[in-house]
Every structure is written in C-alpha cells, then in structure tokens.
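**Student:** Residue numbers (our numbering), protein chains in the order written: chain A, 81 to 406; chain B, 81 to 406; chain C, 81 to 406; chain D, 81 to 406; chain E, 81 to 406.
If you're looking for bench data, these hints aren't it; they were derived computationally from the structure. Please note: incorrect hints may appear among the correct ones.
[Claimed, not checked] Selected chain E positions facing chain D (Cβ under 8 Å, derived; list incomplete):
1. Q314
2. S317
3. L326
For clarity, every value in this text was computed on a predicted model and none was experimentally measured. We put the CB at the ideal spot given by N, CA and C, even for glycine.
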Amino acid sequence: MIVDNALYHRGKRVPLGDGDDQSLGSARVPCDPGDFQWIGIHDPSPEELELIAGTFDLHPLAVEDAGDSHQRPKVDRYGDTLFVVLKTLWYVDEQDAVETGEINMFVGHDFVVTVRHGQGIDLSGARRDLEQRAQVLEHGPMGVLYAICDRVVDEYEKVGAALEVDVDEVEESVFSPARTDDSSRIYVLKREIAEVRRAVLPLREPMRKFAMGVHPDISAENATYFRDVADHLQRVSEVIDNLDGLLSTAFDAHLARISVQQNEDMRKISAGAAIVVVPTLIAGVYGMNFDTMPELHWTYGYPYALALMAGVGYALYLFFKRSGWL
Amino acid sequence: MIVDNALYHRGKRVPLGDGDDQSLGSARVPCDPGDFQWIGIHDPSPEELELIAGTFDLHPLAVEDAGDSHQRPKVDRYGDTLFVVLKTLWYVDEQDAVETGEINMFVGHDFVVTVRHGQGIDLSGARRDLEQRAQVLEHGPMGVLYAICDRVVDEYEKVGAALEVDVDEVEESVFSPARTDDSSRIYVLKREIAEVRRAVLPLREPMRKFAMGVHPDISAENATYFRDVADHLQRVSEVIDNLDGLLSTAFDAHLARISVQQNEDMRKISAGAAIVVVPTLIAGVYGMNFDTMPELHWTYGYPYALALMAGVGYALYLFFKRSGWL
Amino acid sequence: MIVDNALYHRGKRVPLGDGDDQSLGSARVPCDPGDFQWIGIHDPSPEELELIAGTFDLHPLAVEDAGDSHQRPKVDRYGDTLFVVLKTLWYVDEQDAVETGEINMFVGHDFVVTVRHGQGIDLSGARRDLEQRAQVLEHGPMGVLYAICDRVVDEYEKVGAALEVDVDEVEESVFSPARTDDSSRIYVLKREIAEVRRAVLPLREPMRKFAMGVHPDISAENATYFRDVADHLQRVSEVIDNLDGLLSTAFDAHLARISVQQNEDMRKISAGAAIVVVPTLIAGVYGMNFDTMPELHWTYGYPYALALMAGVGYALYLFFKRSGWL
Amino acid sequence: MIVDNALYHRGKRVPLGDGDDQSLGSARVPCDPGDFQWIGIHDPSPEELELIAGTFDLHPLAVEDAGDSHQRPKVDRYGDTLFVVLKTLWYVDEQDAVETGEINMFVGHDFVVTVRHGQGIDLSGARRDLEQRAQVLEHGPMGVLYAICDRVVDEYEKVGAALEVDVDEVEESVFSPARTDDSSRIYVLKREIAEVRRAVLPLREPMRKFAMGVHPDISAENATYFRDVADHLQRVSEVIDNLDGLLSTAFDAHLARISVQQNEDMRKISAGAAIVVVPTLIAGVYGMNFDTMPELHWTYGYPYALALMAGVGYALYLFFKRSGWL
Amino acid sequence: MIVDNALYHRGKRVPLGDGDDQSLGSARVPCDPGDFQWIGIHDPSPEELELIAGTFDLHPLAVEDAGDSHQRPKVDRYGDTLFVVLKTLWYVDEQDAVETGEINMFVGHDFVVTVRHGQGIDLSGARRDLEQRAQVLEHGPMGVLYAICDRVVDEYEKVGAALEVDVDEVEESVFSPARTDDSSRIYVLKREIAEVRRAVLPLREPMRKFAMGVHPDISAENATYFRDVADHLQRVSEVIDNLDGLLSTAFDAHLARISVQQNEDMRKISAGAAIVVVPTLIAGVYGMNFDTMPELHWTYGYPYALALMAGVGYALYLFFKRSGWL
C-alpha cells in the first residue's frame, strides 16, 4: 500500500496530485537538480514493488529482499542506489517484550523509497517532523536516510532503557530474601537482548563508515550527523552488552542462592526432626518393660515424662534457633 | 558416475552426443568463446577423476581432494581454475538430525566440473532450474558457481530454521513444570549446531571476497549476486550463533531447574516425614508404662489418641500445604 | 552556571572583568595569537549553553550532547573544535560504591569550554593547580585538555585501588571458614567494575591516538604527555580486567564452598540422627513384650539399659568425631 | 647420532662414501647448482651439533634451540637459512594418550639438516618415500621441508581422528544410564587437546605465509603444496576446537546428570524410608497401653496388624513406583 | 643507591675512579664513539634520580615513572632514549608463591641506566656475566638491554615451570579419592598466573617489534637476539594460558567431585539409617500389646527376635554393600 508520495524542492514539500496508488507509484516525477521524490509504502504487494522497481530502476535482488520481512540489517549499494535494511524495535510494556519490525529503504540521487513491514516506527510521523526541519531535508535523500536512522536508533535507546529497568527488577528479585524462580525471567531477557543485538550490531559498521565520510554519497556535513547515529548505536550496544553481562552474573548469583536456600532448608528440616525424634526416644525409654523403673511408679511420673519431652524439645528449639538453623 | 554433460552456448544448452560415460568424460568439447561445458559427476571412481583431470588439466592436489569426501569448505585457486568445496546440509525430520554431504567444483574459463559426494542437494534439479534462467547462465561458469552456492546456502537457511524450531521445543521443555532431562537433547543440538558452523564459517571469507569483486574472475554484476550469497551465509551464521547462545542459557536454566526441583522434593519429603513422625511420638507416649496415666483409663482413650494423631497429622498437612512445602 | 572565565597569556592568567554570568559567557575575549580563553560551566541551563555555543561557534550536535549528562566517553572533532566527553569516577567509602559524573569539553584553537555535570572532580581545583604549572599551560588548550584528562584518569586509578581492596575483602570472606553469602557482594562489585570499564574503555583508543601524535592538534611534546595518560588508562583497564577475572574465580570458589558446607552439614546432621536413633532401637527392644527377657528382671536392668544407650550414643559420637563428620 | 647423509642431484640420491659419522657430518659435499645435501641426525650430542653448525654456517641461537627438545613450533629465518621447529604427535592406543616428539630442520639453499628428538615420526621412512617422488625432490630443500611438514601434519590428523573416537566414548558414557565418573576422563582429554593445540596453532601462521607464496624461498608451485599443508593444519585445528567445545558441553551435561541422579537417589531413599516408617507408626499404635483397645483382644488381631503393616507398606510401594520415585 | 658505574669500550670494562656515589652518579664520563657508560641503581632516592636525570638529560615523565615501583611493563621512547619497564618474577618455594620486582632502564646512545626496585633478579651478577661475553657487549647499550631482557625472561620460564609443578599437584589432589578442598589452592594459583600474565603480556608487542627490526635502534643482528627473547616470552605466555585453562577445567572437575561425594555420602547415610530403622520396626512389632502373639510366649522368643533384627540388619548391610551404597 502506498502511504505517501511527495516531491521535495529546496527542503519544502511540493504537493503531488492525489491520484490513486497505482498512478502515483508508477509515475516518476520529473525533478529539478537537487529535488527528490519520497515514496512511502507499507506491506507492499509484489505487484506494487514490481511497479516501483521499474519506475526507479531498482536492482532485482534488492527488490526481492525488500519484499521479504526477515532480512538482517544491512547497507548495500546497487549501482547508484543504496539499499538499507533497518530493524525497528519497540518495547511493549504490557508483555515486557521487545517487538520487531522492519524498514527497507532505497536511496537514490533524486528519490527515496521507504518500505515498512509490520508495525513499528511511525514513518508518516517521521515525515511530518522532517518536513518541519528544512535544514535536514535540504541534504536531500541522505538527509531522509539520516532522519529515519536517527529515529530508529532513538527507539533502540528506549528499548535499552526499558531492558535496564527489567534487569534491575530481576536483580532485585534475585537478591530478595523471597524464594523466586528467576531463571525463566533471565532467559527471556537474554533472548530479548539477543534480539536487540541482532538489530544493532550489523548496523554499526556501515554507520561508522557513513560517519567517517568514506561513503561517496556522504558529504562532510552529513557525516557529522551520521556520527551522531553511530554514537548512539555504540551506546546502545554497550548498554546491551553490559546488561547481558549483568544477567549472566545475576544468574550465577541465582544459582548460588538456590544452593544456599537448599542448605537452609536442610538445616531447618533437620532441626525440626531433632525436636520430634529426641522426645520419641524418651517415650521409648519409658515404654521399656523393666521390672524396676522407679519413675514409672512416681505419682507425677507421667507429667514429669511429658515435661521432660517438652523441655528437651524446647531446649533443642532454642539451641537450633541460636545457632541459626531455625 | 558421470551424471550429465552438456555444452552451454549463450545461456542455452547444446545437446551433446549421448555416448557412454567414458567417452563423454574424456572428450573435451571444443568451445566458441563464451561457451562452456558442464560435467556433473556423482561419487566418482579414481579412474573417472583421473580421466577428467586429464581432459581439463586439473591440478593433482585438487583432484586428490575432490576424490575425498571429508574436506573442509574452501575456495582454492590452482592456476586458472577455481576449486571449490561446499558442504551440503539438510535436516532429516524423522531423526531431528542434520545430515551432511559434499560438493566439489572445478570452475575454469570454459568448463565447470561438479563432483557430488553422498546424498544432499539435487544437482540435476539445480541444473534444470538454471537452464530456465538464461540471464544467469550467460555469466558462464561463475554463473553456475553462483547458482549452486545459492542453492546450497538456501539449504543452510532451511536447516537453521529447523534448528530454531528444535531450540524452541527444548526451551519449552526446560521451562515446563514437567521434570525433563533436557541435557542430552541440548547436547545433541549443540553438536548439530557445531556441524552447521563448520560448514558455514569457512565459506564466509571467500564469499565476501567474491562479493567485494576482488576476485579476478568476478565481474561487478556477478559480485552483486555473490553478495546475496554472502549475505545469506552471514544470516545463517548469526542465527546459528544466536541458537548456540540460547542453548547455553537454556542449559544453565535447566541446571537451576534441577536444583529447584531437588529443593522442592526435599521439602515435600520432609513434610511427609513430619506427618508420620509426630503421630509416632504420640503413640510412643501412650506406650509408656507409667502407673498413673489417666488417658489410658478413659473409656474413649483409644479413639481419642487415634483422633489426636489424625488431627495432628492433618494440621501438619495443612501447615505444610499453606507454606508451599507440599 | 558559569563558574570561572579567564584569559591565559603565555601560561599566565589574565584577570577578566568580574561581571555577571551572562555578560561573561557571551563575550568572547579578543585574543593575541597563542592566548586562549577558558570558561568553566557547571550543570548549565539550555540558555547558557546556547549563549556559549553562539560565542564560540560550536556545532549544534555537540552542544546537544553537552547538555545531556548521559553520554558515553568519546573524542569527536567538529570542524576545528574537539568535543571531549569524560566520565569522572570516584569512590565513596561509606557506601563502598563507585559514583560517576561527567565532564564535557570543547577544545578550540584559542578557547576551552569545560562543562561539568553532577559531582565529581573539582575542576576549580584543577584550574588552580594548572595555573601553577606554566609549562603545561603554555601548550595552550591542548595543555588544559591533558591536565584534565590526567586528573580524571588519576581518579580512575584511585577507584581501581579502592576496588582492589574490596576484592581482597571478598576474597578473604569467601575463603574464611565463616558461612558468608558473598554472592550479592560479588555481584555489586562486578556491577561497579562494569561501570568503571564503561568509563575507561572508550577513552583508550582516542588517548592512544593522541599519544601517537597522529592527531593534528597534538605536537610531539604534547603527545608524550598524552602517552602518560594513555599508559595510566591502560593500567587501570588491566587492573579492572584482572579484578573481574578474580571475582569470577572467587564466585566459583564461593559456589564450591556452599556445596562443601552443605555436605558437611549433611554429615553432621546424619551423625546427630544416628546418635538418637540407635538408642531408640535399644529402647524399642526392651519395650518388647516377650515372656522371657532376662534383662527385664535384673535388679539393675533399667540403669543397665540407660547406660547401654548412653554408651552406644557416646561411642557413635566418638566414631563420627574421629571420622570428621562432627 | 648421524642417521643418514646423502646428496640429491636432479631429484635422485647420489651415494656418499659410507665413512664414520664424524667424517660424514663434518664434510660438506660440493654441490652443482640445484643439488643439495640432506643430513639426518637423531638426539645429537652438543659436539655433533657444533660440527654441523660449523659445516653449514648455522646461527648459534638456532643451534642452541636445536639442541633443546622443548621448543615451541616456529619458523625462523637466520640469514639465508630457515630454522623450522615441528612438534610430532602420535597416539598411543594402549594408554589412550597423545605422545609428543620434536623435529628441528635447517633448510638452506643447498642443504637440509633434520634433527629429531625422541620418538615420533620415522624420518628414514619419510626419506625413502620421498626418494621415490622425484617431482617433489626436484624442488630441492623446500621440497624436503614440504614432504616432512606434510607427513607431520598427516600424523596430526590421525591424532585428531583418535581423539574424536575418545570424545565419542566419553559422550556415550556421559549419557549412558550407568553412573560413571567422567570428569577425570574429560579432564585428561582436554589436557591432550591442549597439547595438540600447542603443536598445531603456532604453525598455522607460517604455513599460511608459505601457502600465499609471500616467503622468498617459496616458488608458486611450492606454495600450492604448502597450501595443502596449511589446509590440513586448519582442518586439524577446527576438529580440535570442535572436540574441545563438545567436551565442555559434555562436562556440563555430566554435572547435570550428577544432580539428576542425586535427586533420583533422594526420592528412592525417601520412598524406602516411608515404607518402613509408616508400619512403625502402626506398631507404635498397637503398643499403646489404653485399657480399651478392641483390636488387641481380637483372636486374629496380631495377624491383622501384621497384614495391615504389610498392606500399607505395599500400597506405599505401589504408589511410589507409579509416581516414579522407585 | 648507586651500585655500579662503569665505562665499556669495545666490549671491555674500563674501571672508573671508585669515588663516592654522588660524584659517580653525577659525572658523565666522556665517551669515544661506540663506548658507553652503564650505571646501576637500586631503590634510588628522589635526589639520586634527579641527579642522574640531569646528567643524562632524561625526560621528567620517564624519571617520575622510574621512581615509582608500580609501573606496568612497557617500552617507551623519549627523544633518543628508550625507557623500559620490566617486571621481574621469581618463585619462592617455601611459600609456593610468585614474587615480583621491577627493573627500569634508560637506554641511550652511549649510556644505560638500570634502576632496580625491590628484590628480584641479581643485576650485578648479570653485569659480571655480560662482561664475559664481549660479542654481546659490543652491540652497545642495546646489547645490555638484550642481556637483561633475556635474563628476566629466563626467570619467567622458571616461574612458569614451577607453576606447572603446582598445577600438577592440584590436578593430582583434585582427582585423588581423598576429600580435599582444592578451591582455595586453585584460586591462589589463578591469581599468581594473572600476576605472571600481567608481567608477560605487555612486553610481547615491543619485543616482537624489536625482533622484527622495525625499531630504529635495532640492527639486524640485534633483532635476531630479540627474536629469541620474543620467542621465550611467547612460550611463557602459552604455558601460562595453558595452565589457566587446565586450572579452570580442574576446578570444574573439583565441583563435579564435590557433587559426586555428596551423593555417595547421602547413599551411605541412607543405607546406615535403613540398617537401624528396620530392626526398630521389628522391635515395635513385638512391643505391640495384642492378647494373642504366639512369638511372645516362645521360650526362645526373645533371642529369636534379636536374631531376626541382627539378621535383617546384616542382610541390609550386605545388600547395600553389594549395590555400592556402603
């Protein structure tokens, strides 16, 4: 579905006739030098992609990738056109889960085609924001690329921050005196961190290249902007690596905790057993059938025996209490 | 066994006389510039290899490797001829196992020799498909190399996807409340992942080189195709690394689970023991032989004692139930 | 808040009119060649930053970063101006915790702007010290940069030393015979080490570059000074890595300790149980109702039975004592 | 001890006068261009080494290394002479152990000196084989170097294969239901793998250099041969790394197994205890001394009680059997 | 304290006037080309360092480092002077501990200043030995540097060998049937290995550079000598890495051992308990008060019951013995 289609002239949007999708998509708007056209598509049908590929002369391998929503993030160059795959990430609070989407972009001299798969970042909003920032739009298609990368990476940082909160929770739970089974929580978090890492890591290298200005399409001024993106990517990936390390340590601590708790349980159980077993021995003694057992004939023999049992039990209780077993 | 032998002229198959294997194999078909011959062999005898090595002037070390089915994947250059070893992988559903085969290729200016060992990818089918795609065949021997690499790597992705399903199953099993012994399952999966890694990793470097066009036999257009292959290889290896990491974490969680379950068992056992041992103490008390034990003479002393035992047992049961030990 | 503002002429401070902040900040002091102005700000408001950015023509992306106190350490070049982000670390003895602050610096030809966020290093003190060392100040803005990096990295070394003490304590606790739950302590230390690592690691690369003199702003003599800084950074990061490794080993030892202690507890409990259970068996025997049980009719049967129980109990006690179970 | 000494002329052995060792060793045979002399020594005395060093003008540091049998594998160049240290490995079936020896080689323009320490590869056999392969001998001293490297690395592959069998055995033992203590076996295997790795790893880099033909003594044709060696080294090191990883995983599985078995033991013990303890309670009940206990006066009270105990015991047995505790 | 001070002329020691320290230290002896002066200092006071720094025009930063005995090993170049920091290691048998000292060296065109901190290598002995080896001394200051590096690294190898013995002992202890608590021993060894690694690792890179002759002060012949040092360093670091890996594996095996022992203890305890509890049940049975219990009236009822108990106990003992629980 073609979502939007506009011409940008000196950083300003030039309205295009609001025809039906097909006509919009297939018609390449003639451009003055420096102008560019930006088409936004969402979950395109193969035919729509075909049409646009024809209009902008896109490479078939890139178009094939663009139709598939399970690409890995990358920046490829086909002739004069850059093909960029970005993973979008966002954090769904209700489920404490990281969701992923995908944006594919074709960036040429005088056009940008953005293809969004699934949910995720709101590209229309990004476009509206960008249309307010003429100084970025003036950089042409690479400005659009920067703006979208920037927005996507900002989302990564939010996801990173949300995961930091989750890790803090896990940490608290691991070290709380309560008996918690944190291993599945830690597992899920590690899985999500791996997800984020797979979105972030492959982008670092191309963004660093953009930032160093080694890419022919990147001017010095543009490079500065991409350095900002590369820097945020780096920060996200450090946060993520740090969280991963903390989770591993927290998991080890969790294991230690289980062992310690088992030990405590064992002592508690043993102490409890002792409190029952020693009086049982006393009862056994007074159950013996010797002819001469003076206590048996005492008037208060029975209460004495009960008291002895209770007393021994209580003494044991105090003893174990004091030595920390109960 | 020589499986097929054909001449390709401008991307079209030119039928060759359907003689017996020997004559086919030994005869090098004269080629116009741009034409090439493609011979496919399966589990060749040393004599067949010898014959073909003579015809196409192949290097003895490469021929020796081609006769052996336990090579590691690699791309070597002997004079003008590329020698490529690929591991083929496929997933056998019935056994949840990854099987491996091997394809060796000699790629020269005007010929391709493919040597298949064991089962695995269907090269005849690959040839038939390729004969439908003249635009790839027109690239000559390197086009054939691309097409086969592409097919082999596609299989890797299927294997990766199948392993992802297996890992999901293991994960579910680890975190299910049922007591499962997942360690051998995890071990087998890790072993298979190592197998896939050994097929995938050594190919990444040469494919990346092909993709960057640094190889003298690779034209810019061809390089684009190989970039696609390199990209899929990269994706497979990321999937595999991710699965490996998840399995390690799952294994740790499995260990934690065992400890937790042991702890739960211990508490359950202790609670059960308490329910029996405390009534035993009561029985012991009323088995004592004191002269004066009023309860012994009560009319309902015995039922009272039994009720006391049952009551204490039930109270303990409730207590342990409430504190989560039972 | 603008903290200080001065002109330095041949390594000497030239007093500037002590007007209000705004006027100070916005006025760029005309400089002779070789002179430079150094403005120090603390927790600046956006307006103050805006003002200074205008005065010294700072890049908006750098200014945006400077206003945010959660940057990662880095050295970026915007046109002729270096933008440096340093994390300050200090160790708070009362809480055994590492605290972090941030210093941002803009280093131009003839000016330095230092922006401090939060607590941490005392920049005014650094300035006063530096004003005593004309030979460093003579190097101009890069001399200031060196002096501040040096001071920041010195603090890292102090933090490293404090963490070494903490790790020694943990070590002692792990290997002491007392039952200690060191896992949370180890976790916290690992977390702090990760904090230090995040401050130290990203700086190593740019400092090494400064030290090798590859940076255009760095003279050979300056490079020697930065090599000193790079060297200290390297030392800190080695100390930190070493501590991290020791903590991991200590944690493993802690786990082993827990297992060993559980084992010891189990044996102690079992020995205790045996001492009670065997006399109970004896009591059971003399509680049997056989017609002919000679002991029952002995005059000293009862004392004999009690002595037998005590004797057996004591023998068991000695036995377990000797075999190390008690 | 000088083992053999011969001149090779156009790939053919030229018999030298069969004098005593000393005269053979000290006399440098005059060579036509392209001819070379090959002296083989075994466990040389310092004097023999001295003599040969003088004859062929070997560097004192290399000679010192050659006299010592605990060098690490390496390829060093002293002037025009290559000094090569190879570790030989072989697998001793009776002890399931990897043994190591050492070969030092001096490779000059027109001579090869091979120094063997300890047991290991049979250099005389290698020489006899090589004398059959004139096409390798024709490459001169580098041909000899190739032939020996090839043979040494072939032995590595056999060791790798033997270790694979060992790891398979360990694996089977770990996952067998029998209670095996595999940790020492795994430890020994890991130790042997480390041994192999120390022989293999340092050779990879120089062999790769030989294979890439960057070494001045290596012709293009020779490089092809060394590529074969480098390739086998790579394969061995991948096999070894894989085995190491599998052993680590197997060890973890072994640990999990121990825990699971302990858990099973605990349940079995508890079930057994319950079967004894509950009848004991019953016996306790009928040992109580209440005046009115009807069962005591039943004619078949006693058999009834015994039957009750047996029945309860059997019921418990069935219950635990069914719930998998026994 | 200035220990020695001499001039070396063509590899021979030229006696200098044996005045007091101060005069010796401050006087720079006039040198012929190729001659050099070597001053050895031990635990210098700041004033001594100051004096010497003035005499030989040493860089203040290097002098500051030389006065501090906690530098990391490094090779720095200040103008024409090399500043080298070496850690000396030696093994103290009585305490099974690795001790560290430090040597700082200033190596100029025509002088060497060696500064020793703490105990460690005997530099005077090194000097005496070196004075016997004119061919090394003739290389001038770099020859002295080589000779000292060589001696220091030789000590590393001895330490490595001593640690190998320690690891063998730990290994034996871990796998001995005795119950040993090896974790603290392993921890201490790992700590010492880390110490050695910190001495060895930072030196590898500069020594390799010296060995490759890329350093301007190093002649080709000298480079050969440094290659020897670099080679020994490499060997030490491989030994150390190997020991570290073995210790980790040994620790894991130790953990497994603890678990296995706990399991064995548990079974032993359970078997012991069974042997007591079953006779207790029998005693309970014959303690019941049924009117009709024939055994009670047998003449030999009591001995029969005792025999039954003993028999059942013995049968259980045999059963557990045979099934390996006792």
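**Student:** Could you run down the list of hints and mark each one as holding or not?
**Tutor:** Going through the hints against the structure:
For E/Q314, the interface hint holds, since its Cβ comes within 8 Å of a Cβ in chain D; the closest pair sits about 7 Å apart. Interface restraint check for E/S317: the shortest CB-CB distance to chain D comes to about 10 Å, outside 8 Å, so the restraint is violated. The closest approach between the C-beta of E/L326 and any C-beta of chain D is roughly 6 Å, which is under the 8 Å cut-off, so the hint is satisfied.
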